[in-house]
Amino acid sequence: MASRNNIWANLDWLTIGFYVLLVFIGWINIYAAVYNEEHSSILDMSQRYGKQLIWIVAGFVLAGTLILIDSKFYVSFAYVIYIVTLVLLAAVLLIGSEVKGARSWFQIGSFAFQPAEVSKLATALALAKYMSSYNFKIEKLQSIAVIGAIILAPIMFIFLQNDTGSALVFAVFAFVLYREGMSGVFLFMGLLIAMVFIITLMLAPLVTIGIMTAAAILVYYFMNQKFMEAIKALGISASIFFIFWLTNKFLKLGFPDTRIVLFSALLASLIFGIYALRHRLKNLLLVIVVYISLVMMTFIVDYVVNDIMQPHQRARIEELLGIKSDPLGVGYNVNQSKIAIGSGGMWGKGFLNGTQTKFNFVPEQSTDFIFCTVGEEWGFAGTTVIILLFLALLLRLVFLAERQRSVFSRVYGYSVACILFFHLSINVGMTIGLAPVIGIPLPFFSYGGSSLWSFTILLFIFLRLDASRMEKLSY
Amino acid sequence: MDKYAKRKFILGAIFVFIAIVFIIRLFTIQVIDSSYKQYATKNVLRKVINYPARGLIYDRNGELLVYNKAAYDLLVTPREVSTFDTTQLCSILKIEQADLMAELKKAKKYSRYKPSVIVKQLSTEMYAMLQEKLYKYPGFFVQTRTLREYAHPIASHMLGYVGEVNQSQINKDSYYSQGDYIGVTGIERTYEKELRGHKGVNYFLVDVHNRLKGTYNDEKNDSAAVLGNNLTTTIDSKLQSYCELLMKNKRGAVVAIEPKTGEILCFYSGPDYNANLLVGRERSKNYQLLLNDTLKPLTNRAISAAYSPGSTFKTLNALIALEEGTITENTAVSCFGKASSPIRCTHNHETPITLVGGIRESCNPFFWNTFKTIINKYPTSEEGYKKWREHILSFGLGQTLGTEFYGESKGNIPEASYYDRYFGKRRWNALTVRSLSIGQGEIIVTPLQMANMAAVIANRGYYIDPHIVKAIEDPDQSSRKLSFEKKVSMIHPEHFTKVIEGMQEVVDQTNTRYTAHVEGIDICGKTGTIQNSHGSDHSAFIAFAPKDDPQIAIAAYVENGVWGARYAAPIASLMIEMYLNDSITAPNRKALEKKMIEANLLNPNQPK
Ligand SMILES: [Zn+2]
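Residue numbers (this note's numbering), protein chains in the order written: chain A, 1 to 475; chain B, 1 to 608.
Heads up, a few of these hints could be off.
[Unchecked claim] Estimated spans, in silico, between C-beta atoms of each pair: (1) B:S168 <-> A:I7: 51 to 59 Å; (2) B:T144 <-> A:F60: 48 to 56 Å; (3) B:I23 <-> A:F351: 17 to 25 Å.
The hints are simulated quantities; they were obtained by calculation from the structure and are not laboratory data. From the three backbone atoms N, C-alpha and C, an ideal C-beta is built for every residue, glycine too.
Take the sequences, apply the hints, and build the full model.
Listed below in structure tokens is the structure:
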């Protein structure tokens, strides 16, 4: 009983302070975003801000309840919660209702619930549980397979629900794995893939491969410092391409240019590969392997973008990268959102004085684009404060995660921080044109009970674990 | 403790890095770059929809039936409204101040930022006056629309009407938005996608004083409206008008078809309504009145009424028996007049009687015998009936005939299983279903199907799907002709000769000749009198002419018309005469025409 009394004292009240602050600032901005004169009371329950208040109060009650639950519960029931969530994810595919093209909601009366929201939390618990088990070693193939399965299963269901935004969030678990010992090469590879993706989209495949070839030769040059060899390599590559190109042209074989480039790249790599093997040039071999995989990547990206992505997804990415511009079509939201934020200036137009966000110019202004209201009415001062508040919360969470004695709590803590980080960067990034338009909410800010509650649960389970960090958990 | 602990710095650095990137970006767009501010504060983007003119509708001779007139809607964006002279605005718009305030309040309630219509369909004069004063009313603007207008308000059921889209239509087709017009019935509905064209859009920058500041983004986001496609119908407007004159004050329907092509020359359902009533500001009031009218003027009887074919159906039974070989043209049947069993004869005539005479005299015993031979030809009544039904269906009965008709009923030719359920399997025979032999009983047909049936006989065994639209013309003047399917009945052409001969004798030799015979035109027809338990019997007539080169096949159905020769036959014959001769000249025919026009069958007190 003594420990129960200590729980409240052991809670990290600083984090709770950040939480309460963010929730309330969010609420005030929802009020400003949907403000109208007929319903000017912030407590008007027929309006979104009235409803949000109910959810906030209910969220506090929820948080209090979570704190009362014994921390061992989360450890013992991690897998159960995970399995139940998977079942819900499958069920929503069958009996869920469709909102904006995504079949991801359970509608019970006026109450809507999105299992994808809970799935992040469940996955975090399952990962924490698995990674804290005795026989876990991140280098072991079996461990990698299990982790992969834990993360991929919910992703698969969420993709089937056509809710790409929620599925992408799971990518952030890579950070958690990295903290627990996964090789940094994987993060680097992810970055590389993202870069290849962007370059391929922005430039023609021909140019991309050309750049890669040049880069490979350059890298090799810096590794070996042999200028003549680099020149030779360049010459050989160029002549292979030239021979192929001439053959194609004069024999009228009709291969597209991209195919010619691919053939020459592969042949050149083969020649250099054999050369490297015979002379035991490990560096050269590595360069070639990376080079080949990147070249293949460009073709995969091309295929993914043109054949797998839905037209609106492709359009959003092209808009983001400035490849195509359609300010009243795909780019409408972002364009209007930037105008709203940009028009806020240094100090903003003042509370309830925003015109752009109240103009219906910015769609989804109380949910996904709530950050616009902050930008317009509170200016750069306001946006900076919000960003810093979030940053402070994230860093505090990292600090809390690091002070855990159990691997379970640490993995879970990092998961919380990383999930919040992902939501923050995509959501804010999208409103200022730095991230593609993916409909995911800003934690604690965006209107909606489902998202507010799931973030509250996510956070307070960790605070509960942290409060009892001195106790010995079952593992 | 663990060797990866230092990685917390890398993760923390990533968090900090992203935050710094965001802050720099925010600083750029919020503090350094001033273009967003100018754009947001000085200007308001106004989206003006260009509504294209709906496609025009012509008759078969190129005469314009439906066109458009301009209408102007006054819209308001509540947020942009500042104080203005309400008295003056009300005097221009000719509305009460209280009404204007109520509309404004409604608009505000809908959205303060999205425009709402305040006054719909201003007159041209009002628009001209308003246009000059509009600068005094910030937030108000005018949007041009087009409304339907009718050269002569004829063929209202065939043309149909347009109305505002409802929410479920908007959900189904993203092309539409609140306030758009859509074809609700008739070919306005069937050919909606051809007629509607494509909306265009213009973006303007307007300042807070409602002054136009120019186009947006060099008009790159603007699009021009695309005119709707024009339709050429098969209707002969002269014949249609004449039909509407004759059918005045009568309930029923008349459909005339050009047999060779399936083109519908006349399509009338009575009582009808004036198409102009469903256009303009009074539309919804008029619609309610029409909807509540006990005569049901909005019902399209030509394609949805459930009528018995009556004796007109005997022609089909004769044809089927000839095809099946169960009778010949010489098969003679004795008739005992009123004493006949199981069906009485309603006429006095020579006996025994053969095919031509049987049709002429509409002899019930003859057709009972004919029907019986068909059903009994096969081992079981069920098989016989199935064969008979197959023949009937090949005339286009018991099914919808076209893709163009909105609300078309299939009618009903019951399946054998219906009788199995009703009487029990193998518990029924020709006798049980004998009323089918004279076109009574469970059979239900529409006037369109009856006209088509007449066309099949006129064509000696085939029909082209009856239709109303024959060509669609794009605004760029390229015209495409529609083609329609030819369907062949199961009856061989040679069997039609004697039946047609009988139909000619109906018009030339019986009492029907007084109302249906036209000097110089060989009309072949068959009357029908349909029992009606709620009042006077209904009058029906099918016909085609001329006999040897049919130009027109027609079915007329006049409710409470007492018997076939009384109203349906004269109206159909007058129409045939008008169509083929272009005028009615003979004095007896003129008198008949006058009598038909004046007859009022809607008023029960007037003598029939
Ligand atoms: Zn008789």
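Right, here's what the structure says about each hint:
For B:S168 and A:I7, the hinted distance range of 51 to 59 Å is satisfied, since their beta carbons lie about 55 Å from each other. Between B:T144 and A:F60 the CB atoms are about 55 Å apart, so this pair conforms to the stated range of 48 to 56 Å. Distance hint check for B:I23 and A:F351: the Cβ-Cβ separation is about 22 Å, which falls inside the suggested range of 17 to 25 Å.
Every hint, counting from the list given before, is met by this structure.
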